[in-house]
Amino acid sequence: MSAVPEFARRYDTLVVGGGNAALCAAISARRAGASVLVLEGAPRFYRGGNTRHTRNMRCVHDSATAFLTGPYSEEEFWDDLLHVTGGRTDEELARLMIRRSRDMLGWIAEQGVRFQPSLGGTLSLGRTNAFFLGGGRAMLNALYRTAEDLGVVIAYESEVIGLDIADGRFESALVHRDGVRHTVRAATLVAAAGGFEANLEWLKEHWGEPADNFLIRGTPYNRGTVLRMLLDCGVEAVGDPTQCHAVAIDARAPKFDGGIITRLDCVVFGIVVNRDARRFHDEGEDFWPKRYAIWGRLVAAQPDQIAYILFDAKSRDLFMPSLYPPVEAATPGELAERLGLDPAALERTVAEFNAAVRPGTFDHTVLDDCRTEGLSPPKSHWARRLDTPPFYAYPVRPGITFTYLGTRVDGDARMRMADGKPAANMFAAGEIMAGNVLGRGYAAGIGMTIGSVFGRIAGQEAASHARN
Amino acid sequence: MHATDALNEADRLMTVCNSCRYCEGLCAVFPAMELRRTFTAGDLNYLANLCHSCGACFDDCQFAPPHAFAVNVPQTLASVRAESYRAYAWPRALAGAFDRNGLVIAVVAALSVAAFILGFAALNDPAVLLGAHSGPGAFYRLMPHNAMAALFGAAFLYAIVAMAMGLRAFLRDAGTPGRAAPTGVSLWQAVRDAGRLRYLDGGGVGCVNADERPTDRRRLFHHLTFYGFLLCFAATSVATLYHYLLGRVAPYPWYDVPVLLGSAGGLGLMVGTAGLLAAKWRRRPELRDDARFGMDAAFLAMLFLTAATGMALLVLRATPAMGVLLALHLGVVFALFITMPYGKFVHGLYRFAALVRYAGELGRI
Ligand SMILES: Cc1cc2nc3c(=O)[nH]c(=O)nc-3n(C[C@H](O)[C@H](O)[C@H](O)COP(=O)(O)OP(=O)(O)OC[C@H]3O[C@@H](n4cnc5c(N)ncnc54)[C@H](O)[C@@H]3O)c2cc1C
Ligand code: SF4
Ligand code: SF4
Chain A
1 MSAVPEFARR YDTLVVGGGN AALCAAISAR RAGASVLVLE GAPRFYRGGN
51 TRHTRNMRCV HDSATAFLTG PYSEEEFWDD LLHVTGGRTD EELARLMIRR
101 SRDMLGWIAE QGVRFQPSLG GTLSLGRTNA FFLGGGRAML NALYRTAEDL
151 GVVIAYESEV IGLDIADGRF ESALVHRDGV RHTVRAATLV AAAGGFEANL
201 EWLKEHWGEP ADNFLIRGTP YNRGTVLRML LDCGVEAVGD PTQCHAVAID
251 ARAPKFDGGI ITRLDCVVFG IVVNRDARRF HDEGEDFWPK RYAIWGRLVA
301 AQPDQIAYIL FDAKSRDLFM PSLYPPVEAA TPGELAERLG LDPAALERTV
351 AEFNAAVRPG TFDHTVLDDC RTEGLSPPKS HWARRLDTPP FYAYPVRPGI
401 TFTYLGTRVD GDARMRMADG KPAANMFAAG EIMAGNVLGR GYAAGIGMTI
451 GSVFGRIAGQ EAASHARN
Chain B
1001 MHATDALNEA DRLMTVCNSC RYCEGLCAVF PAMELRRTFT AGDLNYLANL
1051 CHSCGACFDD CQFAPPHAFA VNVPQTLASV RAESYRAYAW PRALAGAFDR
1101 NGLVIAVVAA LSVAAFILGF AALNDPAVLL GAHSGPGAFY RLMPHNAMAA
1151 LFGAAFLYAI VAMAMGLRAF LRDAGTPGRA APTGVSLWQA VRDAGRLRYL
1201 DGGGVGCVNA DERPTDRRRL FHHLTFYGFL LCFAATSVAT LYHYLLGRVA
1251 PYPWYDVPVL LGSAGGLGLM VGTAGLLAAK WRRRPELRDD ARFGMDAAFL
1301 AMLFLTAATG MALLVLRATP AMGVLLALHL GVVFALFITM PYGKFVHGLY
1351 RFAALVRYAG ELGRI
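Residue numbers (my numbering), protein chains in the order written: chain A, 1 to 468; chain B, 1001 to 1365.
Hint data in this document are derived by calculation from the structure and do not stem from the laboratory.
Please note that the accuracy of each hint is not assured.
The calculated lysine to any residue pairs, modelled on SDA-like cross-linking and capped at a C-alpha distance of 20 Å, are [to be verified]:
1. A:314 x A:360
2. A:421 x A:168
3. A:314 x A:371
4. A:314 x B:1066
5. A:255 x B:1019
6. B:1280 x B:1079
7. B:1280 x B:1220
8. A:290 x A:124
9. A:255 x B:1036
10. A:204 x A:303
11. A:204 x A:225
12. A:255 x B:1035
13. A:314 x B:1037
14. A:255 x B:1066
15. A:314 x B:1038
16. A:255 x B:1065
17. A:255 x A:388
18. A:314 x B:1036
19. A:314 x A:388
Output of the computed footprint for chain A on chain B, the stretches with three or more beta carbons under 8 Å from beta carbons of chain A [claimed, not checked]:
20. 1009 to 1023
21. 1227 to 1233
What you are looking at is a predicted structure, and each value in this text was computed from that prediction instead of being measured.
The beta carbon of each residue, even a glycine, is placed where N, CA and C say it ideally should be.
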């Protein structure tokens, strides 16, 4: 018997995690009649992991709605997924998710979540993605209210540090709370504890020393402990441990939890140089939303994992503002000094770039004809000379959004064991199993779709298993 | 750098929010913010007065304290808003009235009530002051109608002039001049938005106050207060018309229009202000602007007292208590009038002006 009353009884379903996937699972299990305990490792304010930082989800819909500008078909969703993953996806699961996403907006709204048209600055997603009114934390608040009203028991600051699993059957979890360990029993387990992006040691296993310079965009609580334990207990792994969603974010951002406001959308407007003041990739390859997520890896491959986005006064107001002001100077040389770069080297890079820019008609809304010639790497679009002071720079580092290594599941969100057998009573949802659908790459809003669809399925399946 | 800490903090927050924009759909503040990339003091005063303090963006913010970014928009904008009342006060010499506003209002009210009681006692025979009067003109036996009209007319006029000057300063400062001159359309939009307190609804579910569960109670109480106030104003207006156009002299029978309007309005005011005061009392500390509690409470108390003394006068007007009650009521109303430009009353004015500007900006840019 445990001293904490809510840990004393045996539940039908134990949900580990407190984000979108966990809450969708908890609510659907409860609605299916199960008694449910949610164990959230974070304190109440930080509940909901990376879901707190989200703003939208991508779902199939047949027609425009009050907050979506047009239809988004299953085929189109599938094509988009195929495109971003380069085919590294489990087609059966992916198609199931896409099919089931059609009901998701309605179901999520029934749980009290409200939507709005796409946010200012994100018009490119207005047709495919439904935005949460008030953002991810508002969404979570609604889910928590609904879960509480339904009688789901929620325990905060309750980190799961051990799982008792034998032969693919979950028996109990060891929970750490207020310095005390408790054993919690349940008939079924839903693991929805996110990825391991906040676990720097684990990231270092795959990335080596450079991982020390990574910034973690979201919660410090997603340390992958539950994922590790599941894999160690014989659950089959899925996804490449070196794959993660990484973008270039402001290097001045805090180590953890800087969220969306440290992102920078100005790469296409200028040039990006490394510590040696050299360019290293085509900044104008394609529209920013399509290239957003390659820059984390590109910067990670540079010395000291740092780079600088340079632009001039012409571009100052063309992109979404971000948290920190750019470093400013009257000349590129002075800018280099402020940034701690070699002024002569930066001046040379800028001069070479300027000399290579061909005349064209600048238009950042199309793939315009402003490009460089005879420069390596080239800038294929939106290339304009850096010639109008003041000059500006943002220092950037790799910002890790989430990791892809996860637990293999089947269409019931049931984990599969390494020996190929289905787990007896263990289910997974959200980032912890996202690798089934996302072998690599990412399309905005899929993280929430994976969490909601598989969370809902996991909850239903766990409840019906527990009650039989 | 701005002149005050609150403005600096608001500037910092608007930079954070402008990079985030997740709250864009909750109210008017965020879309107005998005039209700007830098913020002058006037911009911040404008945004602060657009905020209805519904609290939604606090509970919805992933960067709220204890997060290191410590984003608390409702509380910061409340401080800026209160400071803006002081900044735009006219004449400048009286701006200090906002500093310890609760005390100032209480003192003015007490003095004003005392003046009426003493004045009545000095000018009237004790038998008149403490006697029972009835029939038309009963009130005016204590204070001649013309004296009453002149005194209150002057006080009201002063309040209007002082507030108009404040409004002028606010409009000059808030937002780029000429960019959004009010049009009939933006005025009408603002009337509708203010009339239903569109932005006190937390983006649709209601505002948060004592806990994290949204309710619509503050909106309801504010409606009762505001429309109660309007009804009382209407009652006075009808009575004035009766007096001058029809030659009908107060007090009026209970079924007559001024009394019906006044009673409904008075009840609304009493229930509404009591509800708002209770809500203020129970408000979560993170959402409160404690430094301004006195100002808010004083204004609510004045409205409540205006209504309560008016209602008492209505009920007891045929008894010997009438003389003292009348002095009490007139004292409170007089104090309400002359302190209007130096108290929470101006929030309605600046907020309305901000809504007009907002309707203009969003329609035109
Ligand atoms: C800045 C940012 C913006 C994003 N924007 C979007 C977006 O707009 N749309 C989108 O689809 N995706 C977005 N994502 C990705 C999205 O956040 C994730 O895909 C999604 O949150 C995953 O949901 P989840 O429930 O699986 O995990 P999370 O929401 O991260 O929840 C995991 C939970 O598990 C808890 N936990 C971890 N370990 C333990 C333990 N041992 N014991 C108990 N509890 C534990 C954590 O505290 C946390 O509550 C964004 C990510 C970031 C960082
Ligand atoms: S209050 Fe918080 S969530 Fe809302 S816009 Fe500002 S930073 Fe974003
Ligand atoms: S009106 Fe509400 S949502 Fe808007 S800024 Fe004020 S408190 Fe925030």
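Hint check:
no.: 1; hint: A:314 x A:360; result: holds, 15 Å
no.: 2; hint: A:421 x A:168; result: holds, 8 Å
no.: 3; hint: A:314 x A:371; result: holds, 16 Å
no.: 4; hint: A:314 x B:1066; result: violated, 38 Å
no.: 5; hint: A:255 x B:1019; result: holds, 18 Å
no.: 6; hint: B:1280 x B:1079; result: holds, 15 Å
no.: 7; hint: B:1280 x B:1220; result: holds, 14 Å
no.: 8; hint: A:290 x A:124; result: holds, 11 Å
no.: 9; hint: A:255 x B:1036; result: violated, 29 Å
no.: 10; hint: A:204 x A:303; result: holds, 16 Å
no.: 11; hint: A:204 x A:225; result: holds, 15 Å
no.: 12; hint: A:255 x B:1035; result: violated, 31 Å
no.: 13; hint: A:314 x B:1037; result: holds, 15 Å
no.: 14; hint: A:255 x B:1066; result: holds, 16 Å
no.: 15; hint: A:314 x B:1038; result: holds, 17 Å
no.: 16; hint: A:255 x B:1065; result: holds, 17 Å
no.: 17; hint: A:255 x A:388; result: violated, 34 Å
no.: 18; hint: A:314 x B:1036; result: holds, 17 Å
no.: 19; hint: A:314 x A:388; result: holds, 7 Å
no.: 20; hint: 1009 to 1023; result: holds (count 8)
no.: 21; hint: 1227 to 1233; result: violated (count 0)
In this structure, the earlier hints numbered 4, 9, 12, 17 and 21 are contradicted, and the remaining ones agree with it.
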